[in-house]
Amino acid sequence: MAILSVAMAAALVIGIGSASAQSTSEHIWASSAWVLYGELTPGFGNMNPAALTPLGAQQMYSQATMFRARYLGHSSDEQENVTSIAPIVGIQTNVIDNDQLSILSTTDRFATAGALAFMQGLYPPLNQAWINKTGGSEAFLLSNGSSIDYPLGGYQYPDIQSSSMFDQDSIWLQGQAVCSNYIKSLLDFDSDSDVVSAQANSSKFYKGVATRIFSDFDSSAVNFDNAYELYEYAAYHATHDNDSQIDSNDLVNLRLMAAEEQRFRNANLSASGNTEGDMIRAVAGRTMATKVMSLFEDNINSAGNSKKFNVAFSPLEPFIAFAALSKLTEGASGDTFLQLPYPGATMVFELFSIGGDESIYPPTDKLWVRFFYRNSTGPEAELTAYSLFANGVNNYLMTYPDFKAAMDQIGLASASDWCGLCGSALFCTSLLSNTGTSSPIPTPRPTSGTTTTVMSPAVAGVIGAAVTIAVVGIAALAATLLGGVRFHRSDSKQRNSTIGGFKGAEKMASDTDIAYVQGGARHERTGSWELRNGGKGDSEQGVVSVTPVAPVEPASTLGATVQARDLRNPAKNVDDDAISEIGHSPVDPREF
1 MAILSVAMAA ALVIGIGSAS AQSTSEHIWA SSAWVLYGEL TPGFGNMNPA ALTPLGAQQM
61 YSQATMFRAR YLGHSSDEQE NVTSIAPIVG IQTNVIDNDQ LSILSTTDRF ATAGALAFMQ
121 GLYPPLNQAW INKTGGSEAF LLSNGSSIDY PLGGYQYPDI QSSSMFDQDS IWLQGQAVCS
181 NYIKSLLDFD SDSDVVSAQA NSSKFYKGVA TRIFSDFDSS AVNFDNAYEL YEYAAYHATH
241 DNDSQIDSND LVNLRLMAAE EQRFRNANLS ASGNTEGDMI RAVAGRTMAT KVMSLFEDNI
301 NSAGNSKKFN VAFSPLEPFI AFAALSKLTE GASGDTFLQL PYPGATMVFE LFSIGGDESI
361 YPPTDKLWVR FFYRNSTGPE AELTAYSLFA NGVNNYLMTY PDFKAAMDQI GLASASDWCG
421 LCGSALFCTS LLSNTGTSSP IPTPRPTSGT TTTVMSPAVA GVIGAAVTIA VVGIAALAAT
481 LLGGVRFHRS DSKQRNSTIG GFKGAEKMAS DTDIAYVQGG ARHERTGSWE LRNGGKGDSE
541 QGVVSVTPVA PVEPASTLGA TVQARDLRNP AKNVDDDAIS EIGHSPVDPR EF
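At position 11 of the sequence shown the residue is numbered 11 (UniProt numbering), and the sequence of numbers has no breaks.
Worth flagging that the hints you see were computed from the coordinates, not collected in a lab. Careful, some of the hints might be misleading.
Claimed, not checked - Straight-line C-alpha distance at most 16 Å; calculated EDC-like pairs for lysine to aspartate or glutamate:
no.	residue 1	residue 2
1	K207	D250
2	K133	D99
3	K184	E276
4	K133	D159
5	K327	D408
Claimed, not checked - Restraint ranges, calculated between C-beta atoms of paired labels, are given here:
no.	residue 1	residue 2	range
6	V252	S147	23 to 33 Å
7	G334	G277	20 to 30 Å
8	R212	D188	27 to 37 Å
9	S137	D247	55 to 65 Å
10	H240	G334	26 to 36 Å
11	K366	S270	34 to 44 Å
12	S164	V252	28 to 38 Å
13	T275	V252	34 to 44 Å
14	D247	L187	44 to 54 Å
15	T429	S137	48 to 58 Å
16	V252	N301	45 to 55 Å
17	E297	S147	37 to 47 Å
18	V393	S248	24 to 34 Å
A virtual CB, placed ideally from N, CA and C, is assigned to each residue, including glycine.
Take the sequences, apply the hints, and build the full model.
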């Protein structure tokens with residue numbers, strides 16, 4: 001793989017509210033980021049349902065300020081040691097243009113709440129923020145000569161696309177959640193010789209901490225099988241409980257065992273489902289790879305006009321699975337990716353070109369991709385480049401065709417392929433029948449001594465509900481046509497609340513801004529970090545100085561990795577379209 005040499009030029013603001021770079025520099029066309037949920041109340045113990053904590057919201061907000069500094073050009077002293085400025089060509093720097101973004105989340109309350117906190121950091125409130133496509137400045141003027149603004153000092157409304165587990169789009173964020181063959185594979189978890197060894201080796205440790213840390217739990221649950229949930233519970237209390245007696249060494253060991261357990265569950269590439277070699281345990285990473293490619297392809301097909309910045313808020317599983325699939329857990333990067341990510345951690349994929357005219361979108365053979373990882377949201381956590389697919393310790397760049405070929409190798413071609421891999425029901429019957437598959441839902445392999453397949457209660461419930469709805473629908477139609485019955489909404493003013501929103505508001509010879517750190521490349525300061533970009537949309541331009549909220553650090557240096565999901569039985573997770581209310585605006589509006 002060729003290693004190019006290029007210097008990151010200083011950012012140059014041209015046009016109103018858009019950022020771009022000099023013609024001799026790299027041109028960033030798109031970025032796709034996977035962001036782990038911020039800190040949550042534990043899903044293991046007596047604090048259900050899970051909720052995003054104030055610390056978790058601050059972690060989301062802080063991570064967003066890093067992206068704001070890099071891609072929108074709003075740098076700050078806090079971000080100087082975190083990332084360099086690399087503005088995305090043509091992106092709105094001050095006002096949200098939802099047509100340029102793709103913001104993906106599940107419908108879990110903590111996920112959508114975290115997405116909102118993140119977007120507040122990416123596009124903070126701004127007085128009278130507008131772009132022409134949302135009515136321009138006239139939208140703020142009233143006929144009596146007065147003006148009006150959005151609430152909360154110019155709050156900006158992102159279009160967050162949230163999908164429940166009953167929506168096929170949810171598989172790109174959590175491909176394992178309703179994957180029947182993944183869940184079935186975990187039934188064999190305790191028969192794996194490596195797992196049995198880990199269970200035996202950790203037994204004495206868990207017995208020692210059972211009464212000291214987990215005294216409220218059934219002692220039979222304090223074991224390696226629940227390593228991740230036990231760690232997140234302990235980490236949460238180490239961070240929030242002043243009376244916590246959790247020893248730091250215990251927390252280190254709990255974290256190490258949790259990482260090992262999660263690798264067995266989500267990074268075992270030799271485990272198979274219905275087909276030998278289908279890597280069923282890593283399905284979450286496979287769907288992630290597919291979505292990354294889909295977002296880049298959309299950007300390419302639109303000549304850079306859409307999907308400029310994409311962010312997906314996801315659980316832990318895609319991080320663990322993708323790291324194994326892309327060989328990040330091997331070689332120099334192994335020490336980093338064999339560990340658990342901290343709350344708010346992010347994996348980032350950048351699509352860019354080198355030199356040329358940024359007004360002309362380059363052909364795909366002139367495009368490059370690089371991968372970054374930031375395993376924290378603290379001020380000292382650097383955005384670091386790593387080599388994918390064992391491409392060489394210092395080969396951080398891949399041509400787009402090579403990257404696509406590698407991602408296609410581990411990804412899935414479509415949702416229909418996921419259905420075939422997972423053998424799931426829900427939305428799969430119609431998907432597979434449309435592709436002409438003769439057997440829409442693969443029959444699970446019978447267990448020893450059985451000859452029939454029993455339908456699960458969850459699938460039976462879905463089918464039963466569908467039949468019920470169909471019968472009621474037919475009855476209602478008959479009543480309407482034959483009996484003169486009419487239906488109406490009891491409250492004509494009632495409207496459903498949605499999250500939606502407005503469409504508005506490696507190492508190269510001359511890469512002086514990149515230094516290698518433990519198999520990665522750290523992006524340091526380049527150009528002037530006093531640079532500030534400003535503007536109020538499409539016709540004004542000013543100077544903006546924004547200081548991001550400093551992230552609140554946990555009491556323990558290890559932080560708290562809390563994720564309130566039942567990883568052992570994803571089917572037990574409950575979807576909810578509501579979002580948690582953080583309470584107050586986390587930032588003050590920017591004044592000019």
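Taking the hints in turn, this is what the structure says about them:
no. : hint                       : in the structure
1   : K207 with D250             : 12 Å, holds
2   : K133 with D99              : 10 Å, holds
3   : K184 with E276             : 15 Å, holds
4   : K133 with D159             : 15 Å, holds
5   : K327 with D408             : 15 Å, holds
6   : V252 with S147: 23 to 33 Å : 57 Å, violated
7   : G334 with G277: 20 to 30 Å : 23 Å, holds
8   : R212 with D188: 27 to 37 Å : 32 Å, holds
9   : S137 with D247: 55 to 65 Å : 60 Å, holds
10  : H240 with G334: 26 to 36 Å : 32 Å, holds
11  : K366 with S270: 34 to 44 Å : 38 Å, holds
12  : S164 with V252: 28 to 38 Å : 37 Å, holds
13  : T275 with V252: 34 to 44 Å : 39 Å, holds
14  : D247 with L187: 44 to 54 Å : 34 Å, violated
15  : T429 with S137: 48 to 58 Å : 51 Å, holds
16  : V252 with N301: 45 to 55 Å : 47 Å, holds
17  : E297 with S147: 37 to 47 Å : 42 Å, holds
18  : V393 with S248: 24 to 34 Å : 32 Å, holds
Consistency with the previously given hints fails for numbers 6 and 14, ordered from lowest to highest.
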